[in-house]
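Keeping their order, the protein sequence lines are chains R and U.
Going by this note's numbering, the residue at position 280 of the first sequence is 280; the numbering climbs one at a time, nothing skipped.
To convert a position in the second sequence, counted from 1, into this note's numbering, add 375.
The hints are simulated quantities; they were obtained by calculation from the structure and are not laboratory data.
For clarity, every value in this text was computed on a predicted model and none was experimentally measured.
Cβ atoms here follow ideal geometry from the backbone N, Cα and C, with glycine treated the same way.
One should not assume that every hint holds.
[Stated by the list, open to error] Derived coverage of chain R by chain U (criterion: at least 3 residues anywhere in the stretch with Cβ under 8 Å from a Cβ of chain U; other residues may be distant):
id	segment
1	28-36
2	167-175
3	244-252
4	306-316
5	338-347
6	352-363
Below, each chain spelled out in residue letters.
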Amino acid sequence: MKEVINLPVKNIEEEEYHINMGPQHPSTHGVLRLVVSLQGEIVKSLKPHCGYIHRGIEKMCEKDTYPQIIHLTDRMDYLSAHINNHAVCLLVEKALEVEVPERVKYIRTIIDELNRIASHQLWWCSFGMDMGGLTCFFYGLRDREKILDIFEESFGSRLLHSYYTPGGLMMDIHSNFQKGVKDFIKYFRKKIKDYDDILTGNIIMQERTKGVGILTREEAISYGVTGPSGRASGFACDVRKHHPYGVYDKADFKEILGTDGDTFTRYMMRMHEMRESMKILEQLIDNIPAGDYTAKMKAVLKLPAGEYYQRVEAARGELGVYVVSDSNKTPYRMKFRSPNFSNLSVLDHISRGGKIADLVAIGGSLDYVIPDIDR
Amino acid sequence: MDNATLKERILDFVPEAEFQETKQFLTFIIPPARIHELAVVLKSEADLAFDFLFCLTGVDMIKFLEVVYHLESTGHKHQLVLKVRTADRENGAVDTVSDIWRTAEFLEREVYDLLGIRFNNHPDLRRIFLEEGWNGHPLRKDYVDEVNIVEL
């Protein structure tokens with residue numbers, strides 16, 4: 001007869017124990033590892049472990065020229081690749097005091113907004129899937145495809161474009177571009193209503209997100225939570241409004257602020273933002289002035305010695321680029337203040353005391369992209 | 376508050392601060408011993424109210440290591456850059472500001488990981504991207520890594 005071994009049984013209701021979410025876990029949307037301390041299913045604390053895809057982009061920048069750096073920024077937050085490119089371009093133009101043609105400003109602003117909608121569509125579909133609604137995933141990807149088609153037609157790539165260059169654009173837009181964008185707006189105005197019908201109004205989704213993961217305004221500012229997640233807490237942090245670039249000062253759009261700061265408000269912020277982005281597109285698309293698609297630039301770009309900082313509003317929050325130049329063709333030091341990195345730092349604070357299933361909802365609503373955290 | 380008044384206020388509080396001429400932001404070099412004290416004042420005084428630390432980073436200037444703080448007041452909309460320098464490359468340490476701006480907790484860990492500047496009183500000073508036991512700090516100018524860095 002086998003001997004029965006009595007292992008000491010711990011009571012999981014009382015004892016604190018740890019589980020690893022990730023590095024391979026569908027809800028972390030990438031290779032992020034969260035070490036979660038649990039008591040029963042209540043989250044006691046949480047430690048993010050980053051760096052699984054740390055590529056040392058800042059170190060690589062020190063060896064690259066400014067036009068080359070643009071290609072690296074695509075690979076940070078790949079879902080708002082154009083906006084990352086824009087940050088570096090604006091920085092170089094500011095340092096060299098180059099005035100880019102109006103046409104370039106319009107096109108850049110339009111493409112940034114298209115990119116923002118595409119990014120929010122992908123967020124919406126993966127958030128729906130995190131909540132258990134697989135239909136959302138198909139709906140979101142289907143509509144995002146329309147934007148990627150516009151991108152593909154105009155500049156040949158769908159995800160990592162590197163379309164902006166210091167001083168302008170790599171090439172002019174395709175002759176179908178304006179029609180494509182207008183068709184898309186017409187199409188998406190109808191489809192976004194479906195989004196609300198499927199997910200926003202869903203009682204299960206609302207029960208799981210309302211009052212979950214509350215972040216106050218003061219905490220949002222202190223943790224540096226920006227973008228839709230920060231605005232859900234009432235933190236007016238839209239760089240497009242407060243430090244305008246491109247032609248955002250000519251477009252009429254609202255910076256929508258939330259009051260509750262919970263997961264549902266963060267969800268609603270992005271839904272509003274997609275509509276606001278479409279409003280911006282509608283105002284600009286017919287008014288693209290004629291002209292050159294790039295300013296005259298020198299073949300080798302050397303920034304005057306000094307330091308420069310440029311902020312832009314990426315899809316997930318404020319992206320900052322800080323450069324120290326020693327008047328060489330490569331930067332002396334380049335730092336990317338990535339929105340996701342700061343947004344992740346608040347995860348521990350807002351998920352404490354909630355259930356582990358809430359953690360998935362909160363993580364989804366913060367919408368982090370891991371390559372942007374690790375860089 | 377405009378930059379001239381702001382400059383006066385800072386020099387009033389830290390007379391040994393060194394003003395640095397830059398194009399974009401009002402910039403000061405602060406002695407390491409005074410940075411925490413100054414940070415408390417910048418955050419708490421109603422007319423300063425620098426509540427948003429939008430960037431914290433480090434630079435290896437070879438002669439010294441530098442920590443750069445980019446600050447903004449969300450209410451008054453004024454901005455400020457502070458720099459702290461440490462000449463000690465082995466054990467250089469700066470007081471943490473993570474108790475004042477919580478975002479500094481992760482950003483300081485990043486600076487420690489990549490540049491090797493220590494932060495006194497930091498609640499959890501570990502490497503953030505690289506593994507424990509990694510040799511050296513990659514963003515330093517004298518960092519050598521023959522395996523992972525390919526020279527072209």
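>> Of the numbered hints stated earlier in the document, which are not met by this structure?
In response: 1, 2, 3 and 6
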